[in-house]
Amino acid sequence: MITLELFLNAVVAGLMLGGFYAAVALGLSITFGQLDIVNIAHPTFVILGSFVAYILNQNFGIDPVLIGVVFMPVFYLIGTTLYRVYYVSFERTGQESLSGLAFFFGLMFIIEVVLILTFGVDYRLVNAAYIGKTLHIGFLDMPFRMLVPAIAATIMTGAVVLYMTKTFMGKAIMAVSQDRLALQLMGADPIKVKRIALGIAIATASLAGALLIIIQPVEPSVGRLYIGRIFAIVVLGGMGSISGTFVAAILIGVVESFIATFYGPSWAPAVGFGILLLTLAIRPQGIFGRA
Amino acid sequence: MKIDKFWLSVLVILIAGFAFTKLADNEFYFFTTYVVLQGLIMAVAWNILGGFTGYVNFGSAGFFAVGVYTTVALNKAFGLPLPVLLLAAGVICGLLGLAAGYLTLRLKGVYFAIATLATALVLETIVNNWKFVGGAAGTYVLQPKGSFIFDNYIELLFMLMLVLAVAATAISRYLSSSRIGQGLAAIRDDEVAAECMGVPTLRLKLISTTAMGALMGIAGAPFPFFVTFVDPVSAFALVIAVNAIAMPMIGGTAVWYGPVIGALLLGAIQETATVTISSELNLLIVGVMLVLFITLAPKGIVGLIQDYKKKKGANNG
Amino acid sequence: MIKKVMSPLRIIAILAMVAVVAFAVPAQSKNLKIGFSMALTGPLAGAGKAALIAMQIWKDDINKKGGLLGRKVDFVFYDDATSPSKVPGIYSKLLNVDKVDLVVSSYGTNEISPAMPIIMRKGLVFMSLFGLAVNDKFNYDRYFQIMPAGPIPKDDWSRGFFNLAMAQSPKPKSIALLAEDADFALSAVAGARRHAKRLGMKIVYDKTFPFGSPDVTSVMRAIKAANADLVYVGSYPGGSVGLVKAANELGLKAKMFGGGMVGLQFAGIQKNLGPMLNGIVNYDFWVPEPTLNFPGVKEFLKKYQAGAKGKGVDPFGHYLPPYAYAYLQVLGDAVTAVGSLDQKKIAAYIHKTTFTTVVGPVKFAKNGEWAKTRTLQVQFRDVKANNIGQFNKPGKRIVLYPSSVKSGSIKYPYKQ
Numbered sequence: 001m002i003t004l005e006l007f008l009n010a011v012v013a014g015l016m017l018g019g020f021y022a023a024v025a026l027g028l029s030i031t032f033g034q035l036d037i038v039n040i041a042h043p044t045f046v047i048l049g050s051f052v053a054y055i056l057n058q059n060f061g062i063d064p065v066l067i068g069v070v071f072m073p074v075f076y077l078i079g080t081t082l083y084r085v086y087y088v089s090f091e092r093t094g095q096e097s098l099s100g101l102a103f104f105f106g107l108m109f110i111i112e113v114v115l116i117l118t119f120g121v122d123y124r125l126v127n128a129a130y131i132g133k134t135l136h137i138g139f140l141d142m143p144f145r146m147l148v149p150a151i152a153a154t155i156m157t158g159a160v161v162l163y164m165t166k167t168f169m170g171k172a173i174m175a176v177s178q179d180r181l182a183l184q185l186m187g188a189d190p191i192k193v194k195r196i197a198l199g200i201a202i203a204t205a206s207l208a209g210a211l212l213i214i215i216q217p218v219e220p221s222v223g224r225l226y227i228g229r230i231f232a233i234v235v236l237g238g239m240g241s242i243s244g245t246f247v248a249a250i251l252i253g254v255v256e257s258f259i260a261t262f263y264g265p266s267w268a269p270a271v272g273f274g275i276l277l278l279t280l281a282i283r284p285q286g287i288f289g290r291a
Numbered sequence: 001m002k003i004d005k006f007w008l009s010v011l012v013i014l015i016a017g018f019a020f021t022k023l024a025d026n027e028f029y030f031f032t033t034y035v036v037l038q039g040l041i042m043a044v045a046w047n048i049l050g051g052f053t054g055y056v057n058f059g060s061a062g063f064f065a066v067g068v069y070t071t072v073a074l075n076k077a078f079g080l081p082l083p084v085l086l087l088a089a090g091v092i093c094g095l096l097g098l099a100a101g102y103l104t105l106r107l108k109g110v111y112f113a114i115a116t117l118a119t120a121l122v123l124e125t126i127v128n129n130w131k132f133v134g135g136a137a138g139t140y141v142l143q144p145k146g147s148f149i150f151d152n153y154i155e156l157l158f159m160l161m162l163v164l165a166v167a168a169t170a171i172s173r174y175l176s177s178s179r180i181g182q183g184l185a186a187i188r189d190d191e192v193a194a195e196c197m198g199v200p201t202l203r204l205k206l207i208s209t210t211a212m213g214a215l216m217g218i219a220g221a222p223f224p225f226f227v228t229f230v231d232p233v234s235a236f237a238l239v240i241a242v243n244a245i246a247m248p249m250i251g252g253t254a255v256w257y258g259p260v261i262g263a264l265l266l267g268a269i270q271e272t273a274t275v276t277i278s279s280e281l282n283l284l285i286v287g288v289m290l291v292l293f294i295t296l297a298p299k300g301i302v303g304l305i306q307d308y309k310k311k312k313g314a315n316n317g
Numbered sequence: 001m002i003k004k005v006m007s008p009l010r011i012i013a014i015l016a017m018v019a020v021v022a023f024a025v026p027a028q029s030k031n032l033k034i035g036f037s038m039a040l041t042g043p044l045a046g047a048g049k050a051a052l053i054a055m056q057i058w059k060d061d062i063n064k065k066g067g068l069l070g071r072k073v074d075f076v077f078y079d080d081a082t083s084p085s086k087v088p089g090i091y092s093k094l095l096n097v098d099k100v101d102l103v104v105s106s107y108g109t110n111e112i113s114p115a116m117p118i119i120m121r122k123g124l125v126f127m128s129l130f131g132l133a134v135n136d137k138f139n140y141d142r143y144f145q146i147m148p149a150g151p152i153p154k155d156d157w158s159r160g161f162f163n164l165a166m167a168q169s170p171k172p173k174s175i176a177l178l179a180e181d182a183d184f185a186l187s188a189v190a191g192a193r194r195h196a197k198r199l200g201m202k203i204v205y206d207k208t209f210p211f212g213s214p215d216v217t218s219v220m221r222a223i224k225a226a227n228a229d230l231v232y233v234g235s236y237p238g239g240s241v242g243l244v245k246a247a248n249e250l251g252l253k254a255k256m257f258g259g260g261m262v263g264l265q266f267a268g269i270q271k272n273l274g275p276m277l278n279g280i281v282n283y284d285f286w287v288p289e290p291t292l293n294f295p296g297v298k299e300f301l302k303k304y305q306a307g308a309k310g311k312g313v314d315p316f317g318h319y320l321p322p323y324a325y326a327y328l329q330v331l332g333d334a335v336t337a338v339g340s341l342d343q344k345k346i347a348a349y350i351h352k353t354t355f356t357t358v359v360g361p362v363k364f365a366k367n368g369e370w371a372k373t374r375t376l377q378v379q380f381r382d383v384k385a386n387n388i389g390q391f392n393k394p395g396k397r398i399v400l401y402p403s404s405v406k407s408g409s410i411k412y413p414y415k416q
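Residue numbers (this note's numbering), protein chains in the order written: chain A, 1 to 291; chain B, 1 to 317; chain C, 1 to 416.
Treat the hints as calculated values from the structure; they're not laboratory data. No experiment lies behind these values; they were computed from the predicted model shown. Note that the Cβ used here is the ideal one computed from N, Cα and C, for glycine as well. Watch out, some of these pointers could steer you wrong.
[What the hints assert, rightly or not] If you want the ones that stay clear, here's a sample from chain A, every Cβ over 10 Å from chain C, calculated: (1) VAL65; (2) SER89; (3) ILE111; (4) TYR163; (5) ALA175; (6) ASP189; (7) ILE215; (8) LEU225.
[What the hints assert, rightly or not] Here are the computed lysine to aspartate or glutamate pairs in the DMTMM-like style, where the Cα-Cα straight-line distance is at most 20 Å: (9) LYS299/B / GLU91/A; (10) LYS30/C / ASP74/C; (11) LYS131/B / ASP136/C; (12) LYS145/B / ASP136/C; (13) LYS122/C / ASP151/B; (14) LYS253/C / GLU5/A; (15) LYS76/B / ASP74/C; (16) LYS122/C / ASP25/B; (17) LYS99/C / ASP25/B.
Here chain A stands alone, though its shape is the one from the complex:
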């Protein structure tokens, strides 16, 4: 039974969910799309962000979104350090594709297990005044639990897009995978550019993690559920196009919301990945990628 009210609510819910997905996928879009680093551990860094938000929220009552923003520099440093290791071990020796992939796979496990050893496997949640409250506009219901992450994610994506298009370093990052020559003509050191890019990518995980724990309870292995979804989003978005990633995230969010509302929610994940497989088979450069 499809009513206009239900239909519009499903759209809005999908937009909010997709906005949040964009926050998680953003970092991967930079690493995977622009640096050619297959950081399969990205969702695990997001979980790390969730746990930082959890600790500070529960002990000091600080707002999770604020924590996510404040901790971005710390995550940035983690990212740049990570790149140093990655560069020395793989890129310099030219073994990045296969070995790099397995490296991040192992890293994912290490972070996860360390989190389990420290926090146990209980579900963790945060408290904030707006959680559980809803914004009603006409017949549209927008739970703040979804609305706040969606807005924060949109602002973060906008900021990254601005940085990438307006600053020198941002342009260099955009060029690093596509045009080495142009990069050299610009006088930028590709290693430094990549280091900063990975730093930014991991920094986004700090906020994404805080947003995640606002939406749902988190335990250390929750991140695994996101691996497939965010890779789907990044590939759909055309690999490294940040605005493309955002649109793809919204698309997946809306599709999942529709399936959940009108058909059987149990099929929602298959539809997302089904779209991905079709895209790969028919149009591998993604929906928004350059042909």
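Got chain A sorted already, so can you dock chains B and C onto it with the hints?
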């Protein structure tokens, strides 16, 4: 001469395995060895594509689970005997590998990796919604009565796994040492160059994906009888996919015996850790070993040994 | 050439031998050994670790009393990492290498079932912890399950929910069913579906959602649109939290809401959800209401709460831990009464006896389940925000069903 040694070893291993079932009365060995051998087949199968051609399969658990559920479905529908189930799982997963390869192998390596991941997730969703095999709730699969010439069913399963593991290794060895193997290695080193030199890259890659799929399916086929309760969570377990990647990477991906060494080592460590230190450390071991090997010894144990020999050779000479 | 082929084979042979030797170290002692596998890592580790704390309390208690059959009790246990494929190996090690005297089960259906063939072949008594209808398939007469689901586990589970609903007037006419895609939740909802059909209710919504979905708001919106009198949900902690929040955010107006939601029994989640819980009717196994104050349970919980500090497990230990203590209590009492480790006699004794345990009197049916269901239906009441201590006291989770332990009456409908 070379072939004789290998097949002689195979014969010795099989006879020793059979004698073991008759002499040892401690079932524990059969249970743990079964798990190690299952990992070995998965690792060898993964390496046929991942190691020989450089295409990374993240969805190993998907192929394994299709093998598992082939058994569950056919056993429930027709009550077929185990050899038929194995064959069916091999054929179905081989075709699945072929189809997946055909659709995705024209893609760049990373896209292929993601496509395999997505395939596994789509398959899991389908199984979750397939009520006949129990859906997400899982289903019981009771061990058949009678155990051929063995004292009990686990001995039969153990011997079966041993035969399958040896067969998988032999197939992998054949693929790497024949002309096919040379073609595969050419793809790994530089696919474009290989194509220019007239290597039929797509066909070779399809052979690899088919062999990989079939072997993984066969590895999964006896699993329902081993655990007696199957649900998608255990059939699609992430640890299956992780081990399939970690074992070859630790052993060495370039040669056929690399994954065998990696699987025996990692499998033995994991099984020992299960009954000794018993904690999260088990998973940590896999992660740390994987990262250490990849960063410090990218050619795995095989590479370390080769380097050591070279050094010794240089000193002697 | 020969050398080159031999070396890998030799390495493989050495590795295989090392593996065999590593496993062949049996542990010996004169103490009475109870062996089990437990989910100490992986998805069910929260429950598994809590169970282990409870079991160790029992061990200390029994050893203080002089042990079993005059022998000190020791545990031999291994982590199955919530992975069913590890379970057969662990039990074969327990029985063949460690030579344990008694075995009990790990936590949960998936980790119990794989042990059954081995246990049955050896003819051992098997006390099991929270398996849902495992014995339906095996029909093993030495299997005993401590979760108070009842003799027809899958139906008894939700019987209370429907009994309560049908006692209201006017009687509810329609129901929405929702299950998270995994074994327990699906079985619970399947039982609820049978009850709904038996009672002639109209099923207006009947769907499942994927395990671990990040956002269930859309699902709840569809349920709200279906406008059912009753909403019965089977879900796991992540999904339960999301559904309770979404129900509040969207203003779900069902007459009864809840049923089989796992997670709402745990203090950490209760604290976070706070007043959003009020009115929900959900299953539970033990709550601090005066009607469930069985002899020994207070002392047990005191020890548990001391032992649980800093372990990352539920701080109060209401739901599962008393049962993890009780399943060993049953086994211990039976062994003491029989006076030997004769498994046949122990099984016969457990079949015919009503045991006095920290979870009250326990009597088993022929299939090894509780002879009578004692799955509680509790309703959350007067829950305040951000206060974890309130859940350790009576008055927040009122027992509505079964009548033998009832501590209050239902507030109906759930939300106006």
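Structure-based check of each hint:
no.	hint	verdict
1	VAL65	17 Å, holds
2	SER89	26 Å, holds
3	ILE111	15 Å, holds
4	TYR163	27 Å, holds
5	ALA175	34 Å, holds
6	ASP189	39 Å, holds
7	ILE215	6 Å, violated
8	LEU225	5 Å, violated
9	LYS299/B / GLU91/A	16 Å, holds
10	LYS30/C / ASP74/C	10 Å, holds
11	LYS131/B / ASP136/C	18 Å, holds
12	LYS145/B / ASP136/C	18 Å, holds
13	LYS122/C / ASP151/B	14 Å, holds
14	LYS253/C / GLU5/A	17 Å, holds
15	LYS76/B / ASP74/C	42 Å, violated
16	LYS122/C / ASP25/B	13 Å, holds
17	LYS99/C / ASP25/B	13 Å, holds
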